[in-house]
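Colleague: One-letter residues, chain by chain:
Number of protein chains: 2
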Amino acid sequence: MKIKRALLSVSDKRGIVALARTLRTFDCEIISTGGTKKVLQNAGIDVVDISSVTGNPEAFGGRMKTISFAIESALLFDRERDADEAAALGIQPIDMVVCNLYPFDKVKAQGADLATLIENIDIGGPTMVRASAKNYKFVATLTDVQDYQTIIAELQASDGALSLKTRFKLMRKAFNHTADYDSLIATTMDEQAGAMSLRYHFTGGRALRYGENSHQKGWIYRDAAAGKSLYDCVFLHGKELSYNNFNDIQGAIDAVKELGRFGVSVIKHSNPCGLAEADDQRVALENAWGGDPVSAFGSIVAFNQPVNRHTVSFFELNNEDKSRRKFVEVVVAPDFSEDALQYLMFHKNLRVIRFDPQNSANAFDLKYLAGSLLVQDADVAMFSKMELKTRRTIDLDASRALIEFGIKGMRQVKSNSIVIVRRTQDGGYQLLGMGAGQPNRLISTKLAIEKARENLQNEYTGNDFEAYVKTVFAKAILVSDAYFPFPDNIEIAAAAGIKTIIQPGGSIRDKKVIKACDQLGLAMVFTGLRHFKH
Amino acid sequence: MKIKRALLSVSDKRGIVALARTLRTFDCEIISTGGTKKVLQNAGIDVVDISSVTGNPEAFGGRMKTISFAIESALLFDRERDADEAAALGIQPIDMVVCNLYPFDKVKAQGADLATLIENIDIGGPTMVRASAKNYKFVATLTDVQDYQTIIAELQASDGALSLKTRFKLMRKAFNHTADYDSLIATTMDEQAGAMSLRYHFTGGRALRYGENSHQKGWIYRDAAAGKSLYDCVFLHGKELSYNNFNDIQGAIDAVKELGRFGVSVIKHSNPCGLAEADDQRVALENAWGGDPVSAFGSIVAFNQPVNRHTVSFFELNNEDKSRRKFVEVVVAPDFSEDALQYLMFHKNLRVIRFDPQNSANAFDLKYLAGSLLVQDADVAMFSKMELKTRRTIDLDASRALIEFGIKGMRQVKSNSIVIVRRTQDGGYQLLGMGAGQPNRLISTKLAIEKARENLQNEYTGNDFEAYVKTVFAKAILVSDAYFPFPDNIEIAAAAGIKTIIQPGGSIRDKKVIKACDQLGLAMVFTGLRHFKH
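Which chain is which? The protein sequence lines are S and C, in order.
First residue of the first sequence: 1, per the numbering used here; consecutive thereafter.
First residue of the second sequence: 1, per the numbering used here; consecutive thereafter.
In case anyone wonders, no lab produced these hints; they're calculated from the structure.
Predicted model only: the values in this text are computed from it and were never measured.
Treat each hint with caution, since some may be false.
The list cannot tell twin chains apart, which means a pair is met if one copy fits it or any two copies do.
Stated by the list, open to error - Distance condition first, Cα-Cα at most 20 Å in a straight line; then the derived SDA-like pairs of lysine to any residue:
{"#": "1", "residue 1": "K173", "residue 2": "I118"}
{"#": "2", "residue 1": "K475", "residue 2": "A153"}
{"#": "3", "residue 1": "K533", "residue 2": "Y210"}
{"#": "4", "residue 1": "K446", "residue 2": "P293"}
{"#": "5", "residue 1": "K511", "residue 2": "E316"}
{"#": "6", "residue 1": "K169", "residue 2": "I118"}
{"#": "7", "residue 1": "K533", "residue 2": "D365"}
{"#": "8", "residue 1": "K446", "residue 2": "V294"}
{"#": "9", "residue 1": "K2", "residue 2": "T166"}
{"#": "10", "residue 1": "K326", "residue 2": "N440"}
{"#": "11", "residue 1": "K217", "residue 2": "A195"}
{"#": "12", "residue 1": "K326", "residue 2": "P485"}
{"#": "13", "residue 1": "K217", "residue 2": "D365"}
{"#": "14", "residue 1": "K169", "residue 2": "A195"}
{"#": "15", "residue 1": "K137", "residue 2": "G61"}
{"#": "16", "residue 1": "K257", "residue 2": "F138"}
{"#": "17", "residue 1": "K173", "residue 2": "L184"}
{"#": "18", "residue 1": "K217", "residue 2": "H534"}
{"#": "19", "residue 1": "K348", "residue 2": "F327"}
{"#": "20", "residue 1": "K173", "residue 2": "Y200"}
{"#": "21", "residue 1": "K389", "residue 2": "H347"}
{"#": "22", "residue 1": "K169", "residue 2": "E338"}
{"#": "23", "residue 1": "K389", "residue 2": "A474"}
{"#": "24", "residue 1": "K217", "residue 2": "D379"}
{"#": "25", "residue 1": "K326", "residue 2": "R282"}
{"#": "26", "residue 1": "K217", "residue 2": "A378"}
{"#": "27", "residue 1": "K533", "residue 2": "S214"}
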């Protein structure tokens, strides 16, 4: 369909001259309004003023420019069914609308008052856009400056015509544009009235093999308003990503993205069962793996730095002794060296994903509860204070980095959450044991201690294991996501040999808990911030 | 602002005659179009035809009716700033638009083809609605049939005028209406192109005291497109509901809503630590509480039936011995007898919520991952088969109800999830122990067994506890949310005295697992459906 007559009326003038020039090379007549017309005329382009088509003046401070029987008829009439009627009424078709709307979003972002917001609600623009989009079988609707280049190329390749396929695509974009526009106006006006509403737009839906389980269908979309997210990850190798993979990868990314140096997280069922940072990436991986070498099989492993071959050769994927091969479901990192990727490809099913954890930051958490929506600020703070509460002291400055590592780890474990962390001999930090998702905090404490002991057993080669545990635990730190309601947790930790506990504080029985620490010779620090995660 | 001239053009004709009659009693001039005009004239109401205002005919099969310089000018011009210009152009103000749009939603629901969908995209309607809404300072925009009664009342009370407040409210509704309208068109056209997009609208946002933790802000909204949900629960008594309360109440409701007879769930940190159904509500509560009498303190308790005083007196809220009082955070039920409510109000902080779990059903789960969205069908199926795999048999028909109870419980526990359920002496079903949220299934199995033993210890008064455990476990059922990768879980269960295991099956080592059952004398049933929940 050749574009013989086009209406150009844009708020954002970028690229409009080049587009108009292209249209003119095919003798397309250009109708235009106010500011757009000036820009085009200044560029030496022949333009017909809109009022010569509408028969009406521009009126009411620009509120009325395009809206008219003549313009909307020219956009809307069915070129087949209504041809005679149009001719009788003297309506000549317009084949293209190029229009972007008053910048309500920008004006809002600038903190405009109600009157200014209202003045920036475009009426004529959406009318043209919607009318021409409805009639996409005969009319092209251009609403996005980013599309001009492709459209120019198609016009040039097709002797000034645009295909039905292109017009259909532009129509979809047009209605998405007006939907976005009115969505923002609606939520803004609600906001002006003190009423809170939210509108989300998710795009690019892709069906996954299935949902959390094979009898559930599953999909992934991107939030059109968000920046980069997991949706944009680059799939380098392996089996298709599953619903549970995406969920776990997000957990792995969240766990690793705040770590310093070389950081590694190992995720199973959305809880980190391994977490470490070190000066050496291979060491970090070994230490993360060591957090739960049993559960680490079939896990999701995330790195905060580009990965090299020496690091991933830890997985022993090509070991002739198959029992030595460490299979993980997914490896995700900001990048992979060529030989690291080659190495990982030894396993045909292992999913290798390029995604920079730094690209996954969100100010908000959303939780959908069967028709209700919980929204909250992301949990980004770590502590509001660092207050030693016991007779036994610790050097807070010297321990600060390890404590922060412990809080970062604990914050990713589902509540009730207890983690035990230590400084390793190489100067790195390691999650030595964790207890997750228990209704009773006591059980989480027991689970963390048991797992830590098990891990120490794996590394210990001497013949006084209990003495070794005491030595390690004396320098380790136990971190709790919420206060201890009773001294029982302290007693269990003390019996195991733990000497330092980090917790938010805030229980009505804090005094009893502190007293228990004093009696048992433990140091306890209050951070002031609870970190529930469900 | 008195309504002197109104434009009525509606697709849905309900209530339009009554509204027009009211307007006429205040001598308001009524302009109307096609079908609407006929309905009003048939009712004997004086109507001015729109074409006498626009100066144009209705054209192109109805595509052009209202859009014109005259109409939109009459709606849009600023009554103060533009008064002279309007007079000079012969534009008389229109003070009210009553308009609802072509029923794109209904046509879509009927499965219309693309051409029909396109024909049902209203162009003139949204233009009028948006123009009059923009000019809300001078024009009222009525888009919802449900509002006619209130508007009629205000017109009658105010001598044919509508307040600025009303016009502002109508304006918000108008932009929400056009946003919804174009949102549906946009997602439908994407769909037509095989591209998946979603648009959600959440309304009625309320700030909560804080989010999951006190340093996070939190809000709750309702999904405008969903039916009743937790947002609509009725708050009868107690402290304000917190973010975590809402999350846990949803968990409690999900756990109880599928139970038969009298059902009760007890939730802590979004996992059910207690679950029971019985012929008697008080018994069900006692048995649910018995699933973890330690963690039940400070829990969320949900009922599937209206609650009576005898049931809740179990909490002993007014016991003079304060240590006997069982404090829970929230009690939620479809209803409360007057005396049950009075009883619960003994505790000033206890939140009492009226909500019928049956009102919380959703076809979809949404999970937001920092800019990406996972969508899946809700997990509603229980099993695809019921296949005995071992030499030891069980009577599947006789055990069916208990197995289903076990699956319902297991399905609500975070993965890896293991539950042990039993039939109680009164013929009810009880969750006797559960293991939740562990990276290693073995730990979940151990946790479930330990908890079950602990609970049996609470009820046992004899002097051969181990024999008692064996007797109970021999009749209990252990349910796993996913297959057992190795026989180790079987060995632990067998050693504890468990005789019957329900699991989906599907491991490459199923044969080894079945063999272990046969060697240890256990019955095992495969259900074919995994139930991961994260």
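Colleague: Now tell me, hint by hint, if it's right for this structure.
Modeller: Results of checking the hints against the structure:
Taking the shortest alpha-carbon separations for K173 and I118, only the inter-copy value of 15 Å comes in at or below 20 Å, while the best intra-copy value is 24 Å. For a Cα distance limit of 20 Å, the shortest separation of K475 from A153 qualifies neither inside one copy, at 67 Å, nor across copies, at 75 Å. Taking the closest pair of Cα atoms, K533 and Y210 come within 20 Å of each other only across two copies (14 Å); inside a single copy the shortest separation is 26 Å, beyond that limit. Within a single copy, K446 and P293 get their C-alpha atoms as close as 18 Å, and across copies as close as 18 Å, so both meet the 20 Å cut-off.
Taking identical chains as interchangeable, the C-alpha atoms of K511 and E316 are never at most 20 Å apart, the minima being 51 Å within one chain and 28 Å between chains. Taking identical chains as interchangeable, the C-alpha atoms of K169 and I118 lie at most 20 Å apart only when they sit on different chains, with a minimum of 14 Å there against 30 Å within one chain. For the homomeric pair K533 and D365, the shortest alpha-carbon distances inside one copy (11 Å) and between copies (19 Å) are both at most 20 Å. With identical chains, the CA atoms of K446 and V294 are at most 20 Å apart both within one copy (18 Å) and between copies (16 Å).
Proximity of K2 to T166 under the C-alpha cut-off of 20 Å is restricted to the intra-copy arrangement: shortest distance 13 Å within a copy versus 48 Å between copies. Taking identical chains as interchangeable, the C-alpha atoms of K326 and N440 lie at most 20 Å apart only when they sit on different chains, with a minimum of 16 Å there against 33 Å within one chain. Taking CA atoms no more than 20 Å apart as the test, K217 paired with A195 passes between copies only; the shortest distance there is 17 Å, against 35 Å inside one copy. In the homo-oligomer, the alpha carbons of K326 and P485 lie at most 20 Å apart only across protomers (16 Å), although the nearest pairing inside one protomer, at 40 Å, exceeds that limit.
For the identical chains of this complex, K217 and D365 are inter-copy neighbours only, at 10 Å across copies versus 23 Å inside a copy, given an alpha-carbon limit of 20 Å. Taking the shortest alpha-carbon separations for K169 and A195, only the inter-copy value of 11 Å comes in at or below 20 Å, while the best intra-copy value is 35 Å. For a Cα distance limit of 20 Å, the shortest separation of K137 from G61 across copies, 16 Å, qualifies, whereas the shortest one inside one copy, 34 Å, does not. In the homo-oligomer, the alpha carbons of K257 and F138 never lie at most 20 Å apart, since the shortest distance is 51 Å inside one protomer and 53 Å across protomers.
Taking the shortest alpha-carbon separations for K173 and L184, both the intra-copy value of 16 Å and the inter-copy value of 13 Å come in at or below 20 Å. For the identical chains of this complex, K217 and H534 are inter-copy neighbours only, at 16 Å across copies versus 24 Å inside a copy, given an alpha-carbon limit of 20 Å. With identical chains, the CA atoms of K348 and F327 are at most 20 Å apart within one copy only, with a shortest distance of 11 Å there and 54 Å across copies. Taking the closest pair of Cα atoms, K173 and Y200 come within 20 Å of each other both inside a single copy (16 Å) and across two copies (18 Å).
For the identical chains of this complex, K389 and H347 are neighbours neither inside a copy (51 Å) nor across copies (33 Å), given an alpha-carbon limit of 20 Å. In the homo-oligomer, the alpha carbons of K169 and E338 never lie at most 20 Å apart, since the shortest distance is 38 Å inside one protomer and 61 Å across protomers. In this assembly of identical chains, K389 and A474 lie within 20 Å of each other by CA distance solely inside one copy; the values are 18 Å within and 50 Å between copies. For the identical chains of this complex, K217 and D379 are inter-copy neighbours only, at 10 Å across copies versus 30 Å inside a copy, given an alpha-carbon limit of 20 Å.
Taking the shortest alpha-carbon separations for K326 and R282, only the intra-copy value of 14 Å comes in at or below 20 Å, while the best inter-copy value is 52 Å. Proximity of K217 and A378 under a CA criterion of 20 Å is satisfied inter-copy only: 9 Å between copies versus 28 Å inside one chain copy. With identical chains, the CA atoms of K533 and S214 are at most 20 Å apart between copies only, with a shortest distance of 12 Å across copies and 27 Å within one.
Checked against the numbered hints given earlier, this structure breaks hints 2, 5, 16, 21, 22; the rest are met.
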